[in-house]
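Undergrad: Chain residues, written in single-letter form:
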Amino acid sequence: MSITHHLDDATLMSFAAGALPAALAAVAAAHVTMCARCRSDVVALEGVGAALLTALPGARIERAEPEFAAGLSPSQQRGEASAAPMQSPAPLARLLPLGLDAVRWRRLGLGLWHHRLPLKGNGALGLLRVAPGRIVPEHGHGGAELTLVLRGSFHDATGRYRTGDVADLDDSIEHEPVADPGPDCVCLFASETPARFRGLIARLMQPWHGL
Amino acid sequence: MMRLGADAGTAEDLAHETLFAVWRSAALYRAEKGSAASWIFAIARNLRIDRLRREVPWQQLPQELFEEASGETLPDAALAEKERHARVHTALSGLPPEQHEVVVLAYLEGLSHGAIAQRLGLPLGTVKSRMRIAYQKIRAALEDLR
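Going down the list, the protein sequences come from chains A and B. Numbers in the numbering used here are just positions in the first sequence, counted from 1, shifted up by 123. Numbers in the numbering used here are just positions in the second sequence, counted from 1, shifted up by 5.
Where hints are given, some of them may not hold.
As a list, the in silico SDA-like pairs of lysine to any residue whose alpha-carbon atoms are at most 20 angstroms apart [as the list claims (entries may be wrong)]:
id : chain 1 : residue 1 : chain 2 : residue 2
1  : B       : K142      : B       : L97
2  : B       : K142      : A       : G249
3  : B       : K142      : A       : P241
4  : B       : K142      : B       : A83
5  : B       : K142      : A       : R162
6  : B       : K142      : A       : R160
7  : B       : K87       : A       : S163
8  : B       : K87       : A       : A178
9  : B       : K87       : A       : D131
Note that these hints are calculated values from the structure, not bench results. Since we're looking at a predicted model, the values are computed, not measured.
Work the whole structure out from these sequences, hints included.
TA: Shown next, in the form of structure tokens:
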């Protein structure tokens, strides 16, 4: 998988800091599992957190380091390393345990389908499926949004987005993404503000529901 | 932990939970995979996210992905980690106050871009560009170590 569209540096930093709003963090986490480059950025950025933490008054983590590592017996280090309790399934597998083919789509018409993913708290998270040649709905009126391609591809003035690519665009950029020929384009989409997402659905429905 | 965006009671719980999690999974810690400080930061961060948001456990990523990411170990990994840590420290302290501030608000107070913009009375774009520049400087400082 060759990924050409990555998370913005500011998004990566916020994600590593644990400060990215929940819905956006879900898309960022999914991209990071698919993208070695952004993973390596997250590792470096966790180092920033570590540096800030050790710089806090009273922090002694660094001085504790040698004893800390030395205090573990080799068997402890070997024995339990594989039984990692910190392991968790990849974000996408948790979101979609049965895979993309089992998604129960809600048809919006005009070659568009939507599937809402559960999310408590702020923001909205969902899957968007777009038939070839159809336009990926434009939504940006402020508020951060992330779109990750899971299947198929789309293109706009900023380039072509294939599986694994993430659109982390400034809302000042005007674009009209169109799904490419081939399988339907499926994207994981997150918006910081739920109202905007409802607004998007309302606007999508407008032409044929007279909303 | 209070600086990580929790109230006093939650912060105390989180601090205890962090210590417990560190103790419980200490066997998983391997010096060549990254510094202890990074590892403890990540544990504290994930616990805070869990506590404050509850609903996004899948935000935590499989650990082995990161082992692969940081897996290009140099002959003396511990020394390399020390060097990396020192360089991040230097890069951070070399940041202009306005860039340092947005980084601290994200990491230690857990504020989103929007929340930082609100706190500082700045346009969102300014917050993001300050953060971007800050990271570009840190990344440049680590360039030959990656």
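Undergrad: Hints the structure violates: just list their numbers, smallest first.
TA: Result: hints 2, 3, 4 and 9 break, sorted rising.
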